[in-house]
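*Asks:* Sequence lines, in order, name chains P and H. Here the first sequence is numbered in my numbering, starting from 1 and rising by one per residue. Here the second sequence is numbered in my numbering, starting from 302 and rising by one per residue.
I should point out that these hints are in silico values taken from the structure, not numbers from a laboratory. Every value quoted in this text rests on a predicted model; they were computed, and no experiment measured them. All residues carry an ideal CB built from backbone N, CA and C; glycine is no exception. A hint or two may mislead.
To be verified - Pair ranges (Cβ atoms, derived):
1. P:VAL70 with H:GLU437: 27 to 33 Å
2. H:ASN395 with P:LEU8: 38 to 44 Å
3. P:LYS285 with H:ARG488: 39 to 45 Å
4. H:TRP368 with P:PRO286: 33 to 39 Å
5. P:PRO286 with H:MET514: 44 to 50 Å
To be verified - To be clear about the criterion: a stretch of chain H counts as covered by chain P if any three or more of its residues have a C-beta under 8 Å from a C-beta of chain P, and this derived list gives those stretches:
6. 363–376
7. 389–403
8. 466–473
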Amino acid sequence: MDQPAHILSDILQFIFMGLQRGSIYALAAMGFNMIYNATGIINFAQGEFVVLGGLMMVTLSTALSLSIPVAFVLTTLFVTVVGICMERFTINPVKHPTVLRLIIITIAVSIIIKGAAMCLWGKNSHFMRHFSSSETWEIYGATILPQTIWIIGILLCIVAGYIFFFNYTMTGKCMRACAINRDAARLAGINDRKMVMLSFALSAGIGAIAGIIITPIIQMDYTRGALLGIKGFGAAVLGGLGNSMGAVIAGILIGILEAMAAGYVSSHYMDAIALIILLAVLFVKPSGIFGSAEAMRLKEF
Amino acid sequence: MQSDILKLEQLHKNFGGVTAVDNLSLSFAKGEVTSLIGPNGAGKTTVFNLITGFIKPSSGKIIFNGWHLNGKKPHMIAAMGIGRTFQNVQVFSNMTVLENIMVGRHLRSRCGMFFSSVLPPFLRLEENRIRSAAKEWISFLKLDQYADFSAGILPLGNQRMLEIARALALEPNLLLLDEPASGLNARETIAMGELIQKIKSMDITVILVEHDMELVMDISDRVAVINFGRLIAEGTPKEVQQNPDVITAYLGT
Chain P
1 MDQPAHILSD ILQFIFMGLQ RGSIYALAAM GFNMIYNATG IINFAQGEFV VLGGLMMVTL
61 STALSLSIPV AFVLTTLFVT VVGICMERFT INPVKHPTVL RLIIITIAVS IIIKGAAMCL
121 WGKNSHFMRH FSSSETWEIY GATILPQTIW IIGILLCIVA GYIFFFNYTM TGKCMRACAI
181 NRDAARLAGI NDRKMVMLSF ALSAGIGAIA GIIITPIIQM DYTRGALLGI KGFGAAVLGG
241 LGNSMGAVIA GILIGILEAM AAGYVSSHYM DAIALIILLA VLFVKPSGIF GSAEAMRLKE
301 F
Chain H
302 MQSDILKLEQ LHKNFGGVTA VDNLSLSFAK GEVTSLIGPN GAGKTTVFNL ITGFIKPSSG
362 KIIFNGWHLN GKKPHMIAAM GIGRTFQNVQ VFSNMTVLEN IMVGRHLRSR CGMFFSSVLP
422 PFLRLEENRI RSAAKEWISF LKLDQYADFS AGILPLGNQR MLEIARALAL EPNLLLLDEP
482 ASGLNARETI AMGELIQKIK SMDITVILVE HDMELVMDIS DRVAVINFGR LIAEGTPKEV
542 QQNPDVITAY LGT
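Chain P on its own, in the form it takes in the complex (with noise of 0.2 Å):
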């Protein structure tokens, strides 16, 4: 039964569904990551921008009738917004910021948007059509949505934009010299909550990005934040936190091991092997595949 070709099929086909749903994980890693680089907290209110993204684009494109291009740009726009709201209203005004506090705090703001979709958007799935076709492709034997063909695109662009924004920016300068050290950046007459802010707006619009692809595929209901978080959150931990080029092959490597324990073992199972599988990484190499021991140890977590 089990020719050679089959199996490279197969192999094809877990592939093109862990980079779908990898890419999600990477860009919700790559939104952690900003927020702690800038603050040492892990935002946990991440996979409720990806949730306000889908929803907000449905709402958009679907009952609105705007263009995809359109409503994309607009439901960015908008969850930026809601991410600089949550850093000026409930990070900023904290007077003692100690990494328990903000993380709590963020749960809370995670718990908020989460019940404020619900009563937005109520509680059934929301459905989008594609960018383009939702034809499948046939490529030996397996078989890609030309989504997923977006989905890898526009992550694709994020990573280049973060990338040149990071390295050739003077602010993208600032933001790296005072996630590094935040006294010398002060110093050298950076507003270091300033650039607190920018981090939210940056993490929350990746977010929002993350939720607009992954919509027409998985119909985005307003639960689907704390897993999304979850999977993301490994996938920043995977590929050692604050490091986002990590993160984005580790998500993409979660997104292929859950699709691989779906075609395996059991769709019901593959969240947790998936996560399994990060553990046992883990307990081997606690600082993350990418990451260095050494940064580990400067690290409050």
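Fit chain H to the supplied structure of chain P, relying on the hints for placement.
*Replies:* Just chain H now, with coordinates in the frame of chain P:
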């Protein structure tokens, strides 16, 4: 109108029950090198932290060029023209030497945060200007060969130079140097002294905290001695060296 660039008026700082700076009043003359010396734990670094806004004074005033610095944030104080280096070198270790200095110079950039990120590279003249200015500072401190090295791998002496370059890139009127010679060998210490003289000749006022007395006496115009957060002597290097209180503080009774 006034020749004092910085004035501390009855500055006081408690940490819990410990008084780190006790009623300190001190003026720093424009264009001079003033050294702040005293035994370990005398409160010298605390004074620097107060001036740069990292900690808030319990009472008293800090006046820079006629402006009150009380309650200002560190980045605002930097923007007003006060540069500083740390006792333990603090460079941006994962960034190149050139990038370190560019970050130090970003305040002198005339375009805002938004445009510096969205404009395509060929339109970002401002960034090129910052880059070439940063390169000048690199040459000034003779770090040319290291420009593209990651700052964290440089030897300590060069990291110190880089930290000073980053502070100078801000184009400060006042530069605070916290033990610039600690950990340097004799030759590097001499070079540091020459550098401080050069900085002075650029019309930048320098306040120096330093334990190397030879360096202090060599390059300072004035010396202020503090112990237990209190000013115990002030004057030219010669006057201070002959002051009995200073001798007691340093040698014990």
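*Asks:* All hints, please: hold or fail.
*Replies:* Here is how each hint holds up against the structure:
1. P:VAL70 with H:GLU437: 27 to 33 Å: Hint violated: Cβ distance 46 Å, outside 27 to 33 Å.
2. H:ASN395 with P:LEU8: 38 to 44 Å: Distance hint for ASN395 (chain H), LEU8 (chain P) holds at roughly 41 Å.
3. P:LYS285 with H:ARG488: 39 to 45 Å: Holds, at about 44 Å.
4. H:TRP368 with P:PRO286: 33 to 39 Å: 49 Å, violated
5. P:PRO286 with H:MET514: 44 to 50 Å: 47 Å, holds
6. 363–376: That given contact holds, which follows from 3 residues of the stretch 363–376 of chain H lying within Cβ reach (below 8 Å) of chain P.
7. 389–403: holds (count 9)
8. 466–473: holds (count 3)
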